[in-house]
Amino acid sequence: MTLACAVALGGCARVDVHAPNVRGIAYIRMDDVMKHHPLYPQLKQLEESIAAINLEATLPHAPLSPAEIAAQTKDLNAQFKAAEDRTSKTIADLRQSYAQKEHDADVAAAKAAGVDPAAIGIGAAMTAQSQAQAQAAAQAAAKDYLAYQQSVVAQDTAAQNAIAKQLSLQAEQKLRARAEQYQQDENDLSLRLAQQDAAQRLSLKMKLNNLALDPSSRKSVQSRLSAIDKKEADQVNAMRARHRAALQAYQAQVTKETNAEIQKQTAAIRSESAAKLNARREQVGSQLRSLGAPPVPSRNIPPDLAAQLGKIHQQIAAQFQTDAQKAISEFNATRDDLNRQFQALHGADVGATGAAAQELTDLQKRHDQLQTQMQTQIHDEAVRIAGGMGFTVVLDNVQAAPGGYDLTNDLIHDVESLHE
Amino acid sequence: MKKRLISFLVAAVAAVAFVAPSAIAADLTDVGYIDQAQLASLPVFQSANAQLAQYQAQMQQRYSGLVKNAKTAADKQRLVMQYQQAMSDKQREVIGPIYARTQMAIANVADAKKLSIVVDKRIVVYGGQDITKDVISLVTSPKAIAPPSATPPTSEIGFVDQSALDDAQKVKDAATQLQQYQQSEQKIYADKLKSAKTDVDKQQIIADFNKTMQDKKDALLTPLINQTKAVTATIAKSKNLLLVVDRADVVYGGTDITQDVQNALSK
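Residue numbers (my numbering), protein chains in the order written: chain A, 791 to 1210; chain B, 4 to 270.
Bound-form chain B, shown alone (with noise of 0.2 Å):
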């Protein structure tokens, strides 16, 4: 009877042990999303964009006329950093506030409903919790909006600014070498496709064309993609995250990994 119960008691702690992972670590559901087209074109951004729109016409007919009449390209230059830093003032000052609300707005929704990370609607394909319509609601009420309670919680769903990793210096290297080497095979591949007789000849040597620049590619960029993403993902891993998405599709929370990613390269 004693062996029965010992064998009972291992049996049950052995299921207990197979199984405790899967209860102790719960499905995620704290991934919000929303819908950023569906909030660019509320009336007050569109209206803000007309705004900036407007001024922009006004600004360019004014300095690509100076710009004309300027003597040196340092004069051209500093004209164009005038015009540039104008517009970048003007989108401050007429789309700053919106924006600032609207992010309020969604860190506001997101703490409500315990979201550890709001992603942008494009790369949902499945499940989520869509915010969109209690983001605009707020957005859209008179009322000011309080910041939020509370920092997002530690998010498993990490994120890494994948342009600033492609702004490695070894990564743009390879770039405009692609580029180079594209120019270059543009020309002899223009020249093959122009002497082509028929359609078939012509299908051949874009073939050949795509072919050849995809050779490049995976000589040149894939490696440096592959070792990004192996690097990517091990330390997602020692940060115990799930999955790593790009920083462009994060709306909100979610853990930057970016600076480890990058300084993990650099070495």
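Bound-form chain A, shown alone (with noise of 0.2 Å):
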């Protein structure tokens, strides 16, 4: 490096800095110089990652049909009802498990203090506790069952409405391709006529150009060609409006289909609504039907007896409670997944322009990092050099030198050998 500052400035020391035409000022062309720094190609590799997503951003994104929001949709909705089940499952099998371990662990108590389990019920407060907790977990799954009735509220109004602006979506690129398709027709019809009256055209045109043409004749010669022009634009008029009427009663018959396609899947959606809410209140309404008996009173139990029979029921509930909550906390898990990917779903557009800003914006950030390190070190090249060279003044983003000297070639000779 030393010695190609050297020779940089061994260079340099021809120029004469303080000559007329230069003053002791300088300039730079700052984008010529990046160009030239070793950090350049990474640089444009950023820029060309930019570029990548803005130019990916213009795509239109590919929407689902209908057909494919529904399969996917019913999908999901088999996916939540899979986990509620499982979930309703892993708190029975729990309750079963913990009444018995209370059950198992209340008669060892009973029967090392010398008492008949049986004589003092301790099978009914199995039962009876066991109900209260099934009693909780009935009043856990009917407040559920309202978090779930919003959420497929909610679920189902997103369904229609992203079926309502796909169906019109797909209405409006239907109207637009036989529009173009008729623009085409005309624009067809329209070079085929002047292809067909060319050799006439021209040979009028030729006639016009004559200058010895007498004025009457000129004047038949100028109406024939009017008459050429006026035949084609007819027969083009005639075939647009024809167009504008046939496009009209397109739009008519689209716009019809369309909205009967919207209220038909929008009922099917309604439907299929109803029905998983009634589900879903049939299986809660089973859940508080199946309480079974109330609680049957404790019979006359040794104050010992009754104090460590209170103690084993506080572990097991506290034990029980431990783990029906990390299942439920798994289930809410599951379903906060599947609310999103159903939101996805529906906005699957916004998804992505999301995923696709957030790289974006961090791709901005590393190539502004390294814009300004390069300009930084361009910078420092340039005043070590202009100082070296004596000049008194460098500017950059010139727009015009016809003086100065431009130091340019000698900064570039100097930041390639920047990491030699």
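A hint or two may mislead.
Unchecked claim - 16 Å max Cα-Cα, derived EDC-like pairs, lysine to aspartate or glutamate:
| # | chain 1 | residue 1 | chain 2 | residue 2 |
| --- | --- | --- | --- | --- |
| 1 | B | 200 | A | 846 |
| 2 | B | 195 | A | 1024 |
| 3 | B | 205 | A | 1062 |
| 4 | B | 190 | A | 837 |
| 5 | B | 214 | A | 975 |
| 6 | B | 197 | A | 846 |
| 7 | B | 232 | B | 188 |
I should point out that these hints are in silico values taken from the structure, not numbers from a laboratory.
Nothing here was measured: the structure is a model prediction, and the numbers come from that model.
Relying on the hints, combine the two individually framed chains into one complex.
Structure below.
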């Protein structure tokens, strides 16, 4: 690098910094120097990555068809139902298992205290405790039902909107395609007519170019030329009018079909929603109905044993609560994830844009940091060279330079050797 | 002896003639610069900007409701214009006096330091006189700032209003054409990108897109840019200017050649 600088400065030394057309002033073309910086390939790569995201963002997102939306919604709902069933079964199993554990512990405690478990109704107590747990679970299920209801309504509204939007978009595309086709036909006709009449038109125009043509002949030729123009315009206009009428009819037909399809699809969604809510209501109802008989009052139990039984109950209930909560948390996580997937399904564009936008921001940040780093390095080198050569001022972003000294090449030479 | 003396005199005259231009035309030392970003961070500017932002938020809320309820497009247009006028008036009211005081301070300092031009710091790579501190000190002082004793001396650094030059019809037409071309090419290349299977394919498509756009720019805009630069250089030379910068980078002084360039380009 030292050698390179020496060569660079040696080369620069030939410049008369104080010459009348320089007067101690120089300029640099930063953009050109940047291109020779050793880090420029990295900067360019970042720029290309940014360009790629921007280019991809211009792509029309491939929208899902109503059938695809419906199929994926169905799949998500099935997963949701499976998660619910899994959780219900886990909690029921836990309830059964802990009830049995409590029962066994109570029996063991009663026997240890010299008391007949049946005589103090331990089995009934177990049932009562089990019922209390079941009731709590059923209340939670009822609460969950409300949340489920709201979620179903919100999801179905989103699904209906997405389907209506999608079908409207398809209708627009159909109309646009038809209009473009008509436009193309009109252009083709116009071109065909112009080609048909080309020879005649040329011949008439050549006649018009004849300066010796008498006024009446000129007028006749002009009127024949106008007649050709009119004949062509009439034919194209007639086709255009036919197309306009056909397009209007087609628009009415497409709108009618689209509205009917939207109604059909939204009705299907509403019906599915009602079925889902009914099923859930039935499920909650059966849970509430399965609570069983009211708790059996406890018999006379010795105080020590009663205290011990109470302790056992608290321990078992706490353990049950912990395990049940774990199962519920897992269910909630699954439910949230499915909800996110559902939202992504109906707002896939937004999701993709969000992720792409984040990547774009990151890339832009890295790009700006690298650019600043390179500019600072170039700036420092420019200061060093300019000081060494004896300039008084060096400017960047110059629009024109009839005078002054262009320091760009000296700087490029220096910057290229930065990482040698 | 006489011959030697004549030879010496001839040599001396030749030497004087050779070095004279350098000796007569001294190096430029009358170029100053100011850090406008630092100036904008002064509490007085910050507070004015905050005031303006608050006003803007109020106006936006008020006018967005009005625009929403407007019955015709003409009504909407009228409301938008009203909003813009209100913002412009407020800006003049809030920022105007501070801006005027700052301009006066810059002129004062430039005059005291005999500067012919003051540019923004961002275009100064080396040298020049930094007057930022002096200007800040004057702006923040409680004293009234007197106008400078003289107008700035003629500067050998000129400037052109690039935005005015870009406003020429043929430049606008070329820019519009380029924009339309970009939109159509974006569709084509976006489709290609969609069907690309590997990252290498994607990179190639992006490179092709960039090249296509660059080629079009070279065909449409570059000739106009080069023409403008050439005309600017010719006029600058005829006016004995050394360099020409963009008006956006000039804070005070300088020699404005925008009109001359516009006239020459319109011929």
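Verification of the hints:
no., hint, in the structure
1, B:200 <-> A:846, "14 Å, holds"
2, B:195 <-> A:1024, "42 Å, violated"
3, B:205 <-> A:1062, "43 Å, violated"
4, B:190 <-> A:837, "19 Å, violated"
5, B:214 <-> A:975, "35 Å, violated"
6, B:197 <-> A:846, "8 Å, holds"
7, B:232 <-> B:188, "29 Å, violated"
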